[in-house]
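Colleague: Take a look at the letters that make up each chain.
Protein chains: 2
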Amino acid sequence: MSTPAEQAQLLTAARVQAAYTLIQPYIHKTPVLTNKTLNSIASTPQTADALAGTPFAGQTPAQPRIRFHFKCENLQRIGAFKARGAFHALLRLIEDRGEEEVQRRGVITHSSGNHAQALALAASTLGVPAYIVMPEISTTSKIAGTRAYGAQITFSGSTSVEREAVVAEIQSKTGAILIPPYDHFDIICGQGTTALELAGQLAEIGEELDAVITPIGGGGLNAGVATFFSDKTTKVFGAEPSFQGADDCRRGLEAGQRIEKVSTLTIGDGLRTPVGLLNWEVISDQKKVEGVYAVTEEQIKSTMKLVLERMKVVVEPSAVVGLAVCLFDEDFRRRVEKEGGEEGWDIGVVFSGGNTTVEAIAKLFG
Amino acid sequence: MSTPAEQAQLLTAARVQAAYTLIQPYIHKTPVLTNKTLNSIASTPQTADALAGTPFAGQTPAQPRIRFHFKCENLQRIGAFKARGAFHALLRLIEDRGEEEVQRRGVITHSSGNHAQALALAASTLGVPAYIVMPEISTTSKIAGTRAYGAQITFSGSTSVEREAVVAEIQSKTGAILIPPYDHFDIICGQGTTALELAGQLAEIGEELDAVITPIGGGGLNAGVATFFSDKTTKVFGAEPSFQGADDCRRGLEAGQRIEKVSTLTIGDGLRTPVGLLNWEVISDQKKVEGVYAVTEEQIKSTMKLVLERMKVVVEPSAVVGLAVCLFDEDFRRRVEKEGGEEGWDIGVVFSGGNTTVEAIAKLFG
Chain G
17 MSTPAEQAQL LTAARVQAAY TLIQPYIHKT PVLTNKTLNS IASTPQTADA
67 LAGTPFAGQT PAQPRIRFHF KCENLQRIGA FKARGAFHAL LRLIEDRGEE
117 EVQRRGVITH SSGNHAQALA LAASTLGVPA YIVMPEISTT SKIAGTRAYG
167 AQITFSGSTS VEREAVVAEI QSKTGAILIP PYDHFDIICG QGTTALELAG
217 QLAEIGEELD AVITPIGGGG LNAGVATFFS DKTTKVFGAE PSFQGADDCR
267 RGLEAGQRIE KVSTLTIGDG LRTPVGLLNW EVISDQKKVE GVYAVTEEQI
317 KSTMKLVLER MKVVVEPSAV VGLAVCLFDE DFRRRVEKEG GEEGWDIGVV
367 FSGGNTTVEA IAKLFG
Chain U
17 MSTPAEQAQL LTAARVQAAY TLIQPYIHKT PVLTNKTLNS IASTPQTADA
67 LAGTPFAGQT PAQPRIRFHF KCENLQRIGA FKARGAFHAL LRLIEDRGEE
117 EVQRRGVITH SSGNHAQALA LAASTLGVPA YIVMPEISTT SKIAGTRAYG
167 AQITFSGSTS VEREAVVAEI QSKTGAILIP PYDHFDIICG QGTTALELAG
217 QLAEIGEELD AVITPIGGGG LNAGVATFFS DKTTKVFGAE PSFQGADDCR
267 RGLEAGQRIE KVSTLTIGDG LRTPVGLLNW EVISDQKKVE GVYAVTEEQI
317 KSTMKLVLER MKVVVEPSAV VGLAVCLFDE DFRRRVEKEG GEEGWDIGVV
367 FSGGNTTVEA IAKLFG
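Protein chains in written order, with our numbering: chain G, 17 to 382; chain U, 17 to 382.
The reader is advised that the hints may include incorrect statements.
Said to hold, decoys possible - Pairs of lysine-lysine, DSS-like flavour, derived with a Cα cap of 25 Å:
#1 Lys158/U - Lys317/G
#2 Lys379/U - Lys379/G
#3 Lys317/U - Lys158/G
#4 Lys321/U - Lys317/G
#5 Lys52/G - Lys45/U
#6 Lys321/U - Lys379/G
#7 Lys321/G - Lys158/G
#8 Lys317/G - Lys317/U
Calculated from the structure, these hints are not laboratory results.
Hey, can you work out the whole structure from these sequences and the hints?
Modeller: The structure is reproduced here in structure tokens:
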């Protein structure tokens, strides 16, 4: 088994292209939306009042010019980009081991969120049994969603020790092959197809992105997007919630070392995990990812409100942290002002998912 | 001045076509979305449990086959189809009276909702002063939205007598010309362009609608859509909330006489008005509109939840009454089963608007 650093060397745009060829029949080509109101808000300097009480208090607000291109993975199958990685990892597994073996043994993962549904969908589509280990505290709607795709659900405690014990037990009985949610070569290449598709959609209208920003939880999406753009001029950025240290990737980059544990209840519930080992190799490579920024819970909520009310599009809180950075982080905004100048930047913003409920929205804004 | 019945004779598909030529540079061509999950829900018989306590209790549930085509006027300018009618009425006024006169006198309307913002946008775009009379109890966001387009807002009491007194006073000072929200020839032709665009978008993919259903408040949208389809085979239906007698149009059709007054606080706040005189002439013509159905507040909420969570699209409660009829009204569903048979129906559903807030969603579902 090669080390993460060795594997990272093999992550190339060509691998993402190959992933796209494999998964294209199974995924949606999601739309790219634009919105004049959000461009205008982002291109207006924040007020001194808005900066009061933030680390940017007292600074002259930046005056960036920003044109957004929203890649709507909330409209992807199962409502999130995770469908890309899950289909790719499973199709590659079948290529490697043969259909017969994979269909006989099945696949297994532990997830309380979008990866569970994504793997369940991919497995049922390809005739493979899927075993999903979910914490007992998972929400009813996510359990029902996963079960609807025919996966066998086993509940576990919520610590990683309890979870892994259940996974090992099922594997010993069934021989099921583990497909982890983000820290995995084929998952990263699959998620990277988001960037490939986005770049192609912009090329169709004669545009090119100056930058792209994605959320970072385990880091599969950001690492995949950075892999695709690694031989191009588009700069890649990442975004995290800051609440209770959820910005492990940003803090790790600052400290020069990956942070291995995170315990946070940020409303960005897809972003509560630490960055994976292989993903860290990509994201900590400054030639691939130029910066990671963090936003507060209030900034996530304000951004989610803007997207729902102005764009009329439903996103989950995790999905808007990239947009929140563009609207609120003065360091990022000053960078756009300086580097983009009069012409400004075309920024690709990946809306990673839309799996929320009206009850959850009510809880956030009630 | 001709009578409503005489005017109704002049409402033809050609008039809608002419309206489209005029307004096309000013409005969005809104997308038509499809959704397999909603098709599947609509094509599954309701359970006996679901029918218990409804007028359909004890009946064998209908088994219609339905393919939806959602016309997303929630993504129209100002977030509602009202932009179509407002631009058309103002452009026609300028054709009739000349730009100089209209720009000198300005236009006026009374509305607490989407028509106010639509007229404010059309007026500011065409360099015409706009006076909007809004009830004092209007929500802050709607007042701000209207003001953002540069309209002059005057507040009034909420009864029609108080409102009309304020309108008359402003008109006596300014000479402003009244553009009413729905009961008006040019408004109807403008709203009818929704149908023209929808039919064209289906033709592009080689499809044709068996039926189309729209909400009915004042009736401008439904009358416009029925006008466009009056020389075609597509059947037109209307939908209303039943709460506190908001289904004035349905009840009027049953009684053979237009109901002139409605007092309801249905959550479908765009549908609280009685059907206008001219709109009634169209909608009560069975050659143009084949039926009007009503749904409960709970059915509106369930449908809104489905659209937000499954389609990831933000709609206001008023926008989903047509879809709610397709999902819950057994009379309508049986008709689709009988007339559509094995092949089923392609149904166009107009999502009329998306002007809600996260706080309003929280109030509905919290």
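Colleague: Broken hints, numbered, in rising order?
Modeller: none
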